[in-house]
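J.: Sequence:
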Amino acid sequence: MTGQRTVTVLTLDSGLVTVPEPSWCVGHTDEQLVDRVDIHHTAPVGVPQGLIDLHAELVAFPFGITPVPVSVHIELLVPGATLDPDGLREFADALVARAALLRGFADRLTVLRGGGAW
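Our numbering numbers the first residue of the sequence shown as 1481 and each following residue consecutively.
Calculated directly from the structure, the hints in this document are not laboratory data. Just so you know, these numbers come straight off a predicted model, no measurement behind them. In this text, a Cβ means the ideal position worked out from N, Cα and C, and glycines have one as well. Treat each hint with caution, since some may be false.
What the hints assert, rightly or not - Beta-carbon label-pair distances, calculated as ranges:
(1) Val1497 - Glu1537: 20 to 28 Å
(2) Leu1575 - Leu1490: 41 to 49 Å
(3) Gly1567 - Ser1494: 49 to 57 Å
Let the hints inform the model, and build the full structure from the sequences given.
T.: This is the structure:
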């Protein structure tokens, strides 16, 4: 592919490694010395704040022991809470909203893996 971006990363075990960089990757300027298997691409995925803290990012580990194609990494934090009936309903609504958001990410990821844009 003409015009494909590449990035060169200094690794501890393989020296300088040049890899194609997907258009969605935010870059590797702050990347520390790593082993080749640890080279990865990443980009944050916007998630609105709410009762449930959901952090999401696009990731890919092209040289991993088991290579990971572009995927969405999710971290979920649900703080403990004692809820009254209205609070419990609000919490349930937040769960439904987050589930819809994740389904949307799955659809977008399917497009991205098929060669489209995120």
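J.: Taking the hints in turn, state whether each one holds.
T.: Right, here's what the structure says about each hint:
1. Take Val1497 and Glu1537: their Cβ atoms lie about 22 Å apart, and the range 20 to 28 Å holds.
2. For the pair Leu1575 and Leu1490, the supplied restraint of 41 to 49 Å holds, since their beta-carbon distance comes to about 43 Å.
3. With their beta carbons about 53 Å apart, Gly1567 and Ser1494 fall inside the hinted range of 49 to 57 Å.
Violated hints are absent here; each numbered hint is respected by the structure.
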